[in-house]
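Put together the whole structure using the sequences plus the hints.
As they're listed, the protein sequences go chains A and B.
If you use the working numbering, the first sequence corresponds to residues 1 to 462, in order.
If you use the working numbering, the second sequence corresponds to residues 1001 to 1461, in order.
Hint data in this document are derived by calculation from the structure and do not stem from the laboratory.
We put the beta carbon where it would ideally sit given N, CA and C, even for glycine.
Possibly wrong hints are sitting among the right ones.
What the hints assert, rightly or not - DSS-like cross-link-like pairs, simulated, lysine-lysine; straight-line CA separation at most 27 Å:
hint	chain 1	residue 1	chain 2	residue 2
1	B	K1158	B	K1101
2	B	K1335	B	K1416
3	A	K90	A	K79
4	B	K1010	A	K90
5	A	K90	B	K1158
6	A	K91	A	K129
7	B	K1318	B	K1335
8	A	K79	B	K1093
9	A	K253	B	K1093
10	B	K1384	B	K1343
11	B	K1384	A	K98
12	B	K1010	A	K91
13	A	K79	B	K1158
14	B	K1117	B	K1170
15	A	K98	A	K79
16	B	K1158	B	K1170
17	A	K91	B	K1158
18	A	K98	B	K1386
19	A	K98	B	K1010
20	B	K1170	B	K1101
21	B	K1386	B	K1318
22	B	K1117	B	K1145
23	A	K79	B	K1010
24	B	K1386	B	K1343
25	B	K1010	B	K1158
26	B	K1335	B	K1384
27	A	K451	A	K314
28	A	K79	B	K1170
29	B	K1343	B	K1318
30	B	K1158	B	K1093
31	A	K314	A	K450
32	A	K79	A	K91
33	B	K1145	B	K1101
34	A	K90	A	K129
35	B	K1386	B	K1335
36	B	K1010	B	K1343
What the hints assert, rightly or not - Computed Cβ-Cβ distance ranges for the label pairs, DEER-style:
hint	chain 1	residue 1	chain 2	residue 2	range
37	B	D1280	A	A385	53 to 63 Å
38	A	D220	B	R1140	49 to 59 Å
39	A	F317	B	A1452	53 to 63 Å
40	B	V1440	A	S455	34 to 44 Å
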Amino acid sequence: MTKPASKTVPRPAARPNYVSTTNACKLCTPLGASLAFRGVEGAIPFLHGSQGCATYMRRYIISHFREPVDIASSALGEKNAIYGGGPNLKKGVLNVMKKYEPTLVGVATTCLTETIGDDVPMILHEFRKEFGDLDLPDIVHVSTPSYSGTHTDGWHGAVRSLVEQLCVDKAAPNGRVNILPNMVSCEDIRHLKDICRDFGVHATILPDISETLDGPALEDYVKIPSGGTPLAEIREMSGARASIELGRCLPAKTGGVSLEAAFGVRNHRIGLPMGLRESDRFLETLEEATGTPMPRRYELERGRLVDAMVDGHKYVFGKRAVVYGEEDLVAGLCAFLAEIGVDVVLAGTGSQGRGLDRAVAEVTGGVARISPEVRQGVDFHDMAAEAETLKPDLLIGHSKGYTYARGWNVPLVRVGFPIHDRFGGQRRLHLGYKGALELFDRIVNTVLEKKQADSDIGYGYM
Amino acid sequence: MNTGILEERKDQIHRAGEGAIDIACNRDSLAGAVSQRACVFCGSRVVLYPIADALHLVHGPIGCAVYTWDIRGALSSGPELHRLSFSTDLQEKDVIFGGEKKLEAALDELIDRHAPKAAFVYSTCIVGIIGDDIEAVCRRVSESKGIPVLPVQSEGFKGNKRAGYLAACKAMSRLVGTGDTSGISPVSVNILGDFNLAGEIWIVRDYFRRMGVEVVANITGDGRVADLARCHGAALNLVQCSGATLDLARMMEEQYGIPFVRVSYLGIEDMADSLYQVADFFRDKDPGIVGRTQELVRDELSMLMPELARYRLDLAGKRVAMYVGGSFKAFSLIKAFRHLGMKVVVAGSQTGTAEDYAELEQIADPGTIIVDDANPLELSAFIKEKDVDLFVGGVKERPIAHKLGVGFCDHNHERKEALAGFAGMLNFAREVHASAMSPVWNFVPRRAARVAESGEEAVND
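Dropping the structure here:
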């Protein structure tokens, strides 16, 4: 075994008390909440703040999904900032009701409304009293001050709010399984659905962005795209036989935790099923939750994955990778990269406090040739400073690492969100044996492409 | 489908030829209307962003900086400091105790690291609420570091995008007049309101070079702090775009007596007119300039026109909807589309003024829908009503058009094609052609039914 590379490189100088952020590797909380609300049937996300927040986030999300993303705003002006945003919030919800006819409005706050002290639950309570004679949609609110946490906090917060605010009664046992999938792609959600169907269980996946953020070409502009987790199903999540939440870096309180505490729905917290062993865990958990053994289809998929890993092992063995992005995605990638012999020399995330270091140690333990250096709360400037000396062969993460990859003449394997400089980010599959295989093919081919490009003569056989 | 326009938005929509235009504009976006518009911060950020040797520090929570990271395709011929995204990344404790110390530390650190020629500090919503005195911090850092450190009062909620343009112009006006103007030609201009998307300002600068006009400062595409500092030495300001830099031109007229003219580099007539306006202005100082300009325009057109004619064969008769940032751009686009035989039937903007819309109505065909501060449902309703073949807009408008099976052309700050100048007109025609003539429209549900009915290919209908 080679000596761990990460131990031989000089560590960067101690950081001063405050370091400004350059090229952040995170997004703000309301963006995550907007994405999660978008995965509920008939729902429209609503940002309580100034107009710019909604527009910027729409633009950012559209560039990845290439779908219309309508996010309403209370469009606060200066007077509202002084006297409170309540009237605009109410008016905004009424206007959205008129124009979009939603069955749910997902209200997320912003730094502005958190700081001026708008009491959103109270404003919404007043709203329901004032307009009780109208056919009101459900309104779920989440507190997402953008000066606290990252987009993943917004995502998980919105999911928890949906569960806690909609699931108020204990539903009759319905034999379903709740899956809280974390921030994965539309294709990932579709795959999770397939897997559950093959296990013969109806899964309530919350949120389900598979159709709402990757819809078909249609005759007309639909105000709210079809798909998403049905509201009735969310209300019945309390009657499920179990919950499975995917993520090793989740907040202490989540939708799954709430359902267990309030209704005794057993909560399984496992990592994102990325790579062989984390996918095994997911399927084992499904076996346990459903009592159904793993269908043969997945035995075959697993077998194919292992076969491919054997066929391709030499091309990737010992390659040095820098991995970055959301904590759980990074942990999942580290799990898989360890299995195929790629050395993760740096695993970075803009979030902090969720134990990415612990999660990475857990998922790579016993397999990884080196312990990846884990950096939490970092930006691209920090990561670049380290990567200069770590000399990676590969970058694996979202599009925003592109300029660095280009600067170092190192290929970038694009995964996660956002993918702004390539096509089809929403259709990338990462989860399960199939997702691992797809990722493996991409990584191997990326390495081969680089080798061909760097070769003086080129070669036609591997 | 309920496509009704919200009552409060009715006076922001007008149909050309149906009575006197009295369109409401420049008001705050309506709550819950899903406006396509951003905020004051956005307005400042997009104007100042291309100044490539300045540090652009966003004082606020992380989102404001992230969503504007390298957002414009504004190219630089040298430094690229503008392409990095700097933020103070305000956290909860800063909101409680104030963010001034953090801002000062960030400026100290970043100025030492990058040695910029100046620094712009953008104020965001949260900073306006917690009341950080960014003016004082900027003054202190400016003294200690010896470079201009300029506050930009761009709190997101204090108006709409136009207010951001003004904040940007105010910040730039502090730089103007601080540099040495010696050696500047009497036949000289500043280019205002071009952001050098895909290198457009280089096309325009080349025309001025051929005319014998010195360009003192690019404001702000491929911009430099030192050029801004001495740009008051130019004889004339050329202002493109409806509002972004007009305020700066007015300030310079008042303070330095520099006249300005409004120009546009988009489309054939407007490009030629703009060059002739400049030639006319300088004809007394340089009698040969008119001839040189005529020759330039003739040369360029002789190359361009035959090419355009080929695209026109396919495109004639097609209908266009456009929704752009500033409405001034819409004038040029309407004329440009006429050259391609196409008809603009919807023209909207995020930040048009009353005068802009009045002028737009003058050049628009009767029945053209003119709209201020629209939203997805309105835009999709207009696309259907007018049965358009092509939509021109920005990133947020693209999926609306595509979902409806309508071709789309990017004409905002993220485009990667140079559309300015005579060369740009050709690029534009090529892109319009590729967007409108693709066979994919045969297969989208909206067109597929029609194709089946007519038994023809949709693109040839």
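Results of checking the hints against the structure:
no.	hint	in the structure
1	B:K1158 to B:K1101	holds, 24 Å
2	B:K1335 to B:K1416	holds, 22 Å
3	A:K90 to A:K79	holds, 16 Å
4	B:K1010 to A:K90	holds, 20 Å
5	A:K90 to B:K1158	holds, 20 Å
6	A:K91 to A:K129	holds, 14 Å
7	B:K1318 to B:K1335	holds, 14 Å
8	A:K79 to B:K1093	holds, 25 Å
9	A:K253 to B:K1093	holds, 22 Å
10	B:K1384 to B:K1343	holds, 15 Å
11	B:K1384 to A:K98	holds, 20 Å
12	B:K1010 to A:K91	holds, 17 Å
13	A:K79 to B:K1158	holds, 9 Å
14	B:K1117 to B:K1170	holds, 18 Å
15	A:K98 to A:K79	holds, 25 Å
16	B:K1158 to B:K1170	holds, 15 Å
17	A:K91 to B:K1158	holds, 19 Å
18	A:K98 to B:K1386	holds, 24 Å
19	A:K98 to B:K1010	holds, 15 Å
20	B:K1170 to B:K1101	holds, 25 Å
21	B:K1386 to B:K1318	holds, 11 Å
22	B:K1117 to B:K1145	holds, 10 Å
23	A:K79 to B:K1010	holds, 23 Å
24	B:K1386 to B:K1343	holds, 11 Å
25	B:K1010 to B:K1158	holds, 24 Å
26	B:K1335 to B:K1384	holds, 23 Å
27	A:K451 to A:K314	holds, 13 Å
28	A:K79 to B:K1170	holds, 23 Å
29	B:K1343 to B:K1318	holds, 6 Å
30	B:K1158 to B:K1093	holds, 24 Å
31	A:K314 to A:K450	holds, 15 Å
32	A:K79 to A:K91	holds, 15 Å
33	B:K1145 to B:K1101	holds, 16 Å
34	A:K90 to A:K129	holds, 11 Å
35	B:K1386 to B:K1335	holds, 19 Å
36	B:K1010 to B:K1343	holds, 24 Å
37	B:D1280 to A:A385: 53 to 63 Å	holds, 55 Å
38	A:D220 to B:R1140: 49 to 59 Å	holds, 58 Å
39	A:F317 to B:A1452: 53 to 63 Å	holds, 55 Å
40	B:V1440 to A:S455: 34 to 44 Å	holds, 37 Å
This entry satisfies every hint, going by the numbered hints stated previously.
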